[in-house]
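Enquirer: Sequence:
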Amino acid sequence: MFDNGNGRHALNEGGSRGLVYTIDEGVREVTGVQIYPLHVYSCAAGSARLLTNGNWMFMAGRPQNAGGFYSEEFEFAPNTTTPLWTEVLPEQYRVIRLSGYFYY
0 MFDNGNGRHA LNEGGSRGLV YTIDEGVREV TGVQIYPLHV YSCAAGSARL LTNGNWMFMA
60 GRPQNAGGFY SEEFEFAPNT TTPLWTEVLP EQYRVIRLSG YFYY
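Taking numbering that gives the first Met the number 0, the leading residue of the sequence shown gets 0, the next gets one more, and so forth.
Everything labelled a hint here was simulated from the structure, so no lab data went into it.
Just so you know, not all the hints are guaranteed correct.
[Said to hold, decoys possible] Simulated DEER-style distance windows between Cβ atoms: (1) Arg-93 x Asn-52: 18 to 24 Å; (2) Thr-30 x Phe-68: 32 to 38 Å; (3) Gly-67 x Leu-18: 26 to 32 Å.
Remember, it's a predicted structure, so these values are computed and weren't measured experimentally.
Ideal placement from N, C-alpha and C gives every residue a C-beta, glycine not left out.
Between the sequences and the hints, there should be enough to build the whole structure, so can you do that?
Expert: Printed below as a string of structure tokens:
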């Protein structure tokens with residue numbers, strides 16, 4: 000999930016982050032698996048997606064670190080805290096990576 004971090008940001012303790020949980024509905028238990036720190040704070044509009052290659056993609060929809068309206072995407076390999084890459088885009092609501100259209 001994408002955590003915008005409004006509470007932490009209000010206390011000057013951090014920005015937005017990606018969170019991964021396992022959920023066992025049978026026993027009603029949620030376990031934190033991984034925290035992916037993003038280097039931006041986005042007050043609203045973010046998304047998270049597990050990619051087919053096992054990596055995680057997070058999108059901060061409205062970062063506050065710079066002027067103007069833009070969005071920033073981050074891709075992380077499992078169990079890492081440094082993004083494989085980032086991309087700045089015009090303001091977005093949600094990120095979806097399409098596969099199968101381009102082959103290299």
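Enquirer: Taking the hints in turn, state whether each one holds.
Expert: Each hint, compared with the structure:
| no. | hint | in the structure |
| --- | --- | --- |
| 1 | Arg-93 x Asn-52: 18 to 24 Å | holds (19 Å) |
| 2 | Thr-30 x Phe-68: 32 to 38 Å | holds (36 Å) |
| 3 | Gly-67 x Leu-18: 26 to 32 Å | holds (27 Å) |
Consistency note: the structure conflicts with none of the earlier hints.
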